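Please put together the full structure from these sequences, using the hints given.
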Amino acid sequence: MNFTELRTRAHAEWQALENSDRPIILVGSATCGRAAGALEVLQAIKTRLSEIKVDCLLTEVGCIGTCYLEPVINIIKPGQPHLYYGNVTPEIAGQLVEDYLVNNKVNPDLVLGTVGETLIPGIPKLFDLPMLKPQVRIVLRNCGLIDPQNITHYLARDGYSGLNRALSLTPEEVIDEIKKAGLRGRGGAGFSTGLKWEFCRQAPGKNKYVICNADEGDPGAFMNRSLLEGDPHSVLEGLLIGAYAIGATRGFIYCRAEKPLAIERLRTALKQAREAGLTGSNILGSGFNFEIELREGAGAFVCGEETALIASIEGKRGMPSPRPPFPARSGLWGQPTNLNNVETWANAAVILQKGSRWYSQFGSPLSKGTKTFALAGKINHTGLIEIPFGTPLKTIIYDIGGGIPGGKRFKAVQTGGPSGGCVPSAHLDQPVDYESLAKVGSIVGSGGMVVMDEDTCMVDIARFFLSFIQSESCGKCVPCRMGTRQMLDILKRITQGEGKPEDLDLLADLAESIKAGSLCGLGQTAPNAVITTLRYFRHEYEAHIKRQHCDAAVCKGLVTAPCSHTCPAGIDVPRYIRFIGKNQPDEALAVIREKIPFPSVCGLVCYHPCEARCKRGQLDEPVAIRMLKRYASEYGQFSHKKIDRKPAESGKKIAVIGSGPAGLTAAYYLARSGHAVTVFESSPQAGGMLRTGIPAFRLPKKILDAEITEIKKQGVTIKASTRVESPDLLIAEGFKAVLIAIGAHQPVKPGIEGEDLPGVVYAVDFLQSLNLGKHPHVGQRAAVIGGGNVAIDAARCALRLGAPEVTIIYRRSQSDMPASPEEIADALAEGVRIKPLTLPIGLQKMNNHLAMVCTRMQPGEMETSGRRLIAPVPNSEVIFNFDTVICAAGQIPEVPAGFKLTLSNSTIQVDPETMKTGKPGIFACGDTVSGPASVIEAIASGRSAAISIDRYLGGTGDIEETLASPEGEKPGIPEPEERGRPRRPILPLAERIGNFNQVEPGYSQELAITEATRCLRCDLEEHSDE
Amino acid sequence: MSVLEAARAAGIYIPTLCYHPDLQPYGGCRLCLVEIEGVRGLPTACTTPAAEGLRVRTETEAVNKVRRITVELLIADHPSDCLTCSSNQKCELQKVAAYLGLRELRLPKKALDQPVDDSNPFFSLDRNKCILCARCTRTCESVTCVGAIDMAYRGYQMKVATLGDRPIFDSICQSCGECMVRCPVGALSPKKSLPPDHEIISTCAYCGVGCSLLLGVRGEKIVSVRGNPAGPANSGKLCVKGRFGIADFVHSPERLTVPLIKKNGRFEKAGWEEALDLVARKLGAYQPEELAVISSSRASNEDNYIAQKLARAVLHTNNVDNCARVCHGPTLAGLINSFGSGAQTNNIKDMSNAACLMVIGSNTPEAHPVIGFEVKQAIQRGAKLIVINPREIRLVRQADLWLRIKPGTDVALIMVIIRLILETGRQDQEFIDNRCENFAALQESLKEFPLDRVSEITTIPAEQIIAAAKMYADYRPASILYTLGITEHTHGTDNVMALANLAMITGNVGKPGSGVNPLRGQNNVQGACDMGALPGLFPGYQSVTNPNLRAKFEKAWGCTLNPQPGLTLTAMYRAAGEKKLKAVYLIGEDPVLSEPDMHHTIAALKNLEFLAVQEIFMSETAKLADVVLPASGFASDDGTFTNTERRVQRVRKAVPPPGEAKPDWEIGCLIARKMGAKGFEFTHPEQIWNEIASLAPSFSGISYQRLEEEFGLQWPCTSASHPGTCILHTEGFTRGKGQFIPLSYRPSAELPDNDYPLILTTGRSLYHYHTGTMTRQVPGLNRLRSEELVEINPDDAAALGIDQGDMVTVTSRRGRVDSRAKITTDCPQGVVFMTFHFKESPTNALTNSAWDPISQTPEYKVCAVKVKKKR
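Sequence lines, in order, name chains A and B. Everything in the first sequence is counted per the working numbering, starting at 7 for the first residue and increasing by one. Everything in the second sequence is counted per the working numbering, starting at 552 for the first residue and increasing by one.
Honestly, the hints are just simulated from the structure, not real lab data. Keep in mind that a hint or two might mislead.
As the list claims (entries may be wrong) - Computed cross-link-like contacts, EDC-like style, restricted to lysine to aspartate or glutamate with a CA-CA straight-line distance of at most 20 Å:
| no. | chain 1 | residue 1 | chain 2 | residue 2 |
| --- | --- | --- | --- | --- |
| 1 | A | LYS521 | B | GLU610 |
| 2 | B | LYS661 | A | GLU504 |
| 3 | B | LYS616 | A | ASP509 |
| 4 | B | LYS935 | A | GLU320 |
| 5 | B | LYS813 | B | ASP799 |
| 6 | A | LYS521 | B | GLU612 |
| 7 | A | LYS742 | A | GLU655 |
| 8 | A | LYS322 | B | ASP701 |
| 9 | B | LYS660 | A | GLU320 |
| 10 | B | LYS661 | A | GLU508 |
| 11 | B | LYS616 | A | GLU508 |
| 12 | A | LYS521 | A | ASP578 |
| 13 | B | LYS710 | B | ASP721 |
| 14 | B | LYS660 | A | ASP495 |
| 15 | A | LYS506 | B | GLU655 |
| 16 | B | LYS616 | A | ASP515 |
| 17 | B | LYS661 | A | ASP515 |
| 18 | B | LYS1174 | B | GLU1105 |
Said to hold, decoys possible - Only part of the chain A face toward chain B is listed, based on derived beta-carbon distances under 8 Å:
| no. | residue |
| --- | --- |
| 19 | PRO330 |
| 20 | SER477 |
| 21 | CYS483 |
| 22 | ARG487 |
| 23 | MET488 |
| 24 | ARG491 |
| 25 | SER519 |
Predicted model only: the values in this text are computed from it and were never measured. Where is the CB? At the ideal position from N, CA and C, for every residue including glycine.
Here you go:
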């Protein structure tokens, strides 16, 4: 049969299918679909169809790439739009089919979109979905849409027309066409495919071979598998075209045995191609002879290297050999051989089908066409995507990928498989192409793309990828075999807290030599993950080495429990939770007191970073750690016997300037170390921001007072209403050390015209006057400018001060507000309004109110941080009228000039390890060093300062203490049943408004004990080495 | 030539650990990295072809940085026991580290603790020292082509391992030690090793390959043996016997050290004078036809020359022969008949030129291991291999065709192959017409061999025979290799001539890569024949019946010579049995174990009135002697050996002889002189050689001086300027035209019947040599193969109720032998196989002394036996 006949027949069959009255259901049953239950869905549909006696063509198709929605089905009803459903389960599949086919009913909750000319109101077109819209599906054009086991489908969609065209050209013309298209190898190295073909064509030799590399083996990569499962003929067509161009008579497809479905589909396709006369002798009457054999590989990553793959086909151990000789001259069995990746071959078919001119319109100047990627990791839309080269990474991550799940922050994306590099957010602008990714230290690779969020430790991830490489190294060359091992050992040491500062240089040296010295691509790229993480996340390495701290709390050697590791003060969370569970709140409180002198305060207002890392959160919800801490502080009796110790008096005087959490914590520990501590506070009352910044409905004053009283009992003298003008003077007065902990109380001016008008206040000042017992006037309509926690506090205070109408003006989207979601929810519930995407640009006094001119903002391009840029909507100015405007645009420290200290961005510069300023005996800690931060961070900073000052004064710096009794027998780790945390208790709305009563009641004893049992007791888990 | 080799040639050092000149470039150690202008990155010098104008920098900062880290990495994992390591000062890792100036190690030392594989008796594998350069595995893959070791596992776990990661001893390793030789560090190291103080070049005393050796001597002991890279036959390679099996027998405490005279049935020590007087007196007391001298194919050319001269000039008898009679007698007879010369036509190295190799009746890798390497390398390079053997020898695995022939049916097979070639027009008619004669007679005799009949006789399927004919004829040049599977038959000479016919009809004679190549079994079996230790031929194959030649020798030796050809070796035992032969002077030979039908041999020897045995050990035959004379033997004497490819090579004295032992030639001369003869006043073998060269035109161009300078010469070498002859019959055949010999099929003398239902065929084990005189003195070889094993097919074993390892009794009409059974499909049904290395199980008690009528060579390869489980 000649090609015209083949195609005519295929078209006729396809038309008949399209014009038939018989509905069609396509079930995505590639490996990804099957893993999600597609075959069960298929069976369920089959059963239902026979029950409802609907004659329907049920077909298994490949994957459209929306793995996160698998199983996906497509119901095609004659004359109607095709309907795509995702997350289909066998239980609902039958009903969905019946609903649409029989009752013409669409299930709006599950429908993904439609395909076809006509639309269903309210339902988007499938390819308008954010995940699909930016994609350009060239290689994947047929995947999920045709029956991969039916060559007719492929032929009907222009399949093999590329081969037919190639056969009408000379081999040189075919090569020229590939060159003009600008096709580059998709296997990773990106070498010009046309040139590669040309080298092989020109090589002397009578038996030439072409090989399709389908050995894809990167963890998390399944581009080739999916293509082979969804559209195997496109690969065969490319291989045939290449063979013709090169002059090869035999071809091999080397596919991993662990891809049984791809192999099955390939076998079917090969059989059909043979039957259609597309392989064998005298193909399509052209005189061209070509046979294709399928070879199954045993799954060695190194066999992705062409020379290793060739050795494996020859039956030898899959080890690479040095080039030259290049396979183009001496490859399989010493003959000229051309090897390309699955995707490259598929591209070659399209290029011949549609022409190089058409093809080269896609992509970037040096990287033409599209590239498929397997998008995986911490990303909402995991799946298989195809994008034109040049698409920025951020488009892939935030638009196609739908951003990071759970509201976490993006940290890095690893491109190109385990031998690629980790690209940080700063480079998310990079367009994805060979040169750009190389510039930032990574590679396109074969197309793995693994997204990491804040919970990923970059040292650990480097260790992970290196350990993969190390176990997949073939072992032939020394740098790869032994160098990666040494690097892995170093990384293991670092993740176990045993790293040494010189390790980083050694790592870099090894990495460089392995790159330069290794035999094949595997070794030459093996250190990339380490090199890039060292480049972009060196601070994480240093944290592991210098502070034994893993920011992401994942390195098992360092982290006994992620919660306590994440707690800046290092409170032993699992232990006190166990005491609570055993109904020993006294002991629980003692555990907390081992690390902080403010257990009650933290129980109320801590921003609980511990909960974000709680492993229970991966199962259902994090343990309510803050609430349990609060319970311990409320129910626990604080035993003075335990805490009263009589340290030897050092006879040294220490001055602490500022009585906030940082200053008081330091004072507390220094006093307990035997020093005479005097705290100087400029305000009339001690407490710093705890007192002046946090409203009483969150932190009642008497609770704060009680904790400060405890601190005083340790011998700390607090001199209120005493402003220190110069620490040097204090030294001169005989203080052996001075700690500056004056916080960050200076409001940041938002820079709005008219912000100095009467009626405009800064939130810090507003809250301070309120907290110091004043009753500021707010009027009827109060506005708060800002989106942080201070803005929320101010708004809720304004409401309580009697303003019936309180509005938060925020320039970005509400979802981008930095305030904690709990606080925002409380505020909204209490009646605070939020006007997002609104930028105040001027204030004017109008009669007895303030007119605020605002411009509407609109979200624009994604920023590398994962937030969208905002831009004013032209001519969108609006005016709002307010009685009071409270500006909450943040704070900075206000360090008196008389302190004569070096500042950086208004903060005091200190050695981060010792908290020492440039002046001898003068230390600083807390917000005044870090800028506005949290209570717990201030406490942690105070602890560091205490340690350092004690050492400075000749002490050991040991402030660790054991206050709780020994635990006794530790309970085993229970098999957790899925159960969320209790709903957060909160006062009824009616009881909240008009007063400053505490809005959040604590847990009851019963509730606390129950909640405590949800703890997974990570600290008791036994860690194996690997 | 690679950049690395070019640099080496230019005297520029580039460090490397995985490069070895015998091996394909590997590129694994990454130390030979260089910078090449215009080339990206740091290419390896070993894999980059050198080219005119290439600008290479071998010492740059970038290159040395990578080299240093690479060596640091290796050292981090390497034990620091350099001072006690057997490779100290030879270690290439040491050398490279020193070259790179490494002084400190930043990487932590890793304590590897892998058990040392000590299973092999001669060398150990300490993987803790291994740097995975793969020289050993590449050697095993592409030099010896054994494939016992390869790289296993991946990445850091990679290691050198046998199949299934079992101890080396339990693998197919053949213990040749070629891997060990190439190990750059101490991972593969000899168990016994002391550095020698000097090395002596000599030639191996085992098989006929003629491997050149370097005997490492320290004081008066051989402490090491290595292959001499300059040796033309072996290019430095050795087998297990040559490398590990020499020192132990040379220095064995069992060596004979003083003459012994049997008095009242017991040996007593005697002085040389007494012993020699006795021998001279006894030999002088008999008529020439009652005397015989049995010379030794293991002794030097000079020893053999003296032995035959003693027989002919002093004892006036042509009753002189050597054990070539019982192995390659038919070769001599057959090839002289067909070609005019009885020697191997082509040289060893030339086998690599063959497009097709037919290995028939030869277990080359076991019996001629180093030629086996050559054969297997040729196959790896693409040559076709046809194996014709009843047993599934190892070579079968590499063969394109294996014809499992029924023992003793070779003539039929070869003749039908010839017939098939002619029928399909594949012959070289031009060669037949111009270079050969008697073609019509051959054609006529082919009528007797229709394919179906031959298929039935040989039990080979017809299509395999057709395929073999096609392959041998189509892939030219084609070379035939054979050994005793062809010759040791009652139709042995026919077999040889059949092969000669086959080679001639395809024009496969006289060209590189072609030929008929009988591989000689013993180190100097070629030389013993060359020297005239044959009943009908003077040195240089000059007939005793030719009056002109006889006159030449009479003149030279100053005596009259017996014109009557003497008895062959086999005929001597019959004559002794009949008391026609009365006194024998036997040199370096153990006929009790090596002759067929042992009981008959013993009876014959006991029949003798006088037997003098000259030996290095108290052999089974020596025990029957009246006088035993201690010979100095290998490594304690100078001389020459002639290997299978007609190459005359020097052997040299390395250590003093044990006790009072004397060189064979000297003892021969002393006896002659005691008997009053003149012409035996030699004081050094070189003088003897000069006499040989003056009398035998084939050797006249060979002198000790040339042997020194040219490292062996292949005869014919007819003048001082003649370069020697690699390939025989290039222009014309030695006899003028090649002669086709019409043949017919004759079955073996003794075929299985109801009483003796199995065929016994015999052969060799890699680990032992001949009757075990030397190898049984080597403990390591005895560990590798400790006893006789009767190989028997599982079906036969099952029918006889024999289990693996059972002791069985093998009985023939002539005797019985107990041995352990080895059940293996290597042996076809109906056939059992034994070696003859073990005196505890003397296989030749079973074999048949029926002989080939032309050469009088016995039929070792076929006799009828029965096997029973021993109770």
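Right, here's what the structure says about each hint:
Taken as a hint, the LYS521(A) and GLU610(B) pair is honoured in the structure, with Cα atoms around 19 Å apart against an allowance of 20 Å. Taking the CA atoms of LYS661(B) and GLU504(A), the gap is about 17 Å. The hint holds against a cut of 20 Å. With a CA separation close to 18 Å, the supplied pair LYS616(B) and ASP509(A) stays within the 20 Å bound. Between LYS935(B) and GLU320(A), the direct Cα distance comes to roughly 19 Å. Compliance with the 20 Å bound is thereby established for this hinted pair.
As the CA atoms of LYS813(B) and ASP799(B) are separated by approximately 28 Å, the hinted pair breaks the 20 Å bound. For the suggested pair LYS521(A) and GLU612(B), the alpha carbons sit about 15 Å apart, so the restraint of at most 20 Å is met. Under the criterion of a C-alpha separation no larger than 20 Å, the hint pairing LYS742(A) with GLU655(A) is consistent with the structure, at around 14 Å. Proximity of LYS322(A) to ASP701(B) is assessed by CA-CA distance (about 10 Å); at most 20 Å being required, the pair is judged to hold.
For the hint pairing LYS660(B) with GLU320(A), the CA-to-CA distance comes to about 38 Å; that exceeds 20 Å, so the pair is violated. Note on LYS661(B) and GLU508(A): the hinted pairing holds, with a Cα-Cα distance of about 19 Å set against a maximum of 20 Å. Taking the CA atoms of LYS616(B) and GLU508(A), the gap is near 18 Å; set against the 20 Å cutoff, the hint holds. With a CA separation close to 43 Å, the supplied pair LYS521(A) and ASP578(A) exceeds the 20 Å bound.
Annotation: proposed proximity of LYS710(B) to ASP721(B) holds, straight-line Cα distance about 17 Å (limit 20 Å). For the given pair, LYS660(B) sits about 12 Å from ASP495(A) by alpha-carbon distance, which is consistent with the 20 Å threshold. Restraint check for LYS506(A) and GLU655(B): the C-alpha separation of about 18 Å stays at or below 20 Å, so the hint holds. A C-alpha spacing of about 9 Å is found between LYS616(B) and ASP515(A), which places the hinted pair at or below 20 Å, so the restraint holds.
Taken as a hint, the LYS661(B) and ASP515(A) pair is honoured in the structure, with Cα atoms around 19 Å apart against an allowance of 20 Å. At most 20 Å may separate the alpha-carbon atoms for a hinted pair to count; LYS1174(B) and GLU1105(B) exceed this at roughly 36 Å. With its C-beta approaching chain B no nearer than about 7 Å, PRO330(A) sits inside the 8 Å limit, and its interface hint holds. Using the Cβ-Cβ criterion of 8 Å, the hint placing SER477(A) at the interface with chain B is satisfied: the shortest such distance is roughly 5 Å.
For the restraint placing CYS483(A) at the interface with chain B, the shortest Cβ-Cβ distance is roughly 5 Å, inside the 8 Å limit, so the hint holds. Evaluation of the ARG487(A) hint against chain B yields a held restraint, the C-beta minimum of about 6 Å falling below 8 Å. With its C-beta approaching chain B no nearer than about 4 Å, MET488(A) sits inside the 8 Å limit, and its interface hint holds. Interface hint status for ARG491(A): upheld, as the beta-carbon distance to the closest one in chain B is roughly 5 Å, under 8 Å.
Here the hint on SER519(A) is kept, as its CB sits about 4 Å from the closest CB of chain B, short of 8 Å.
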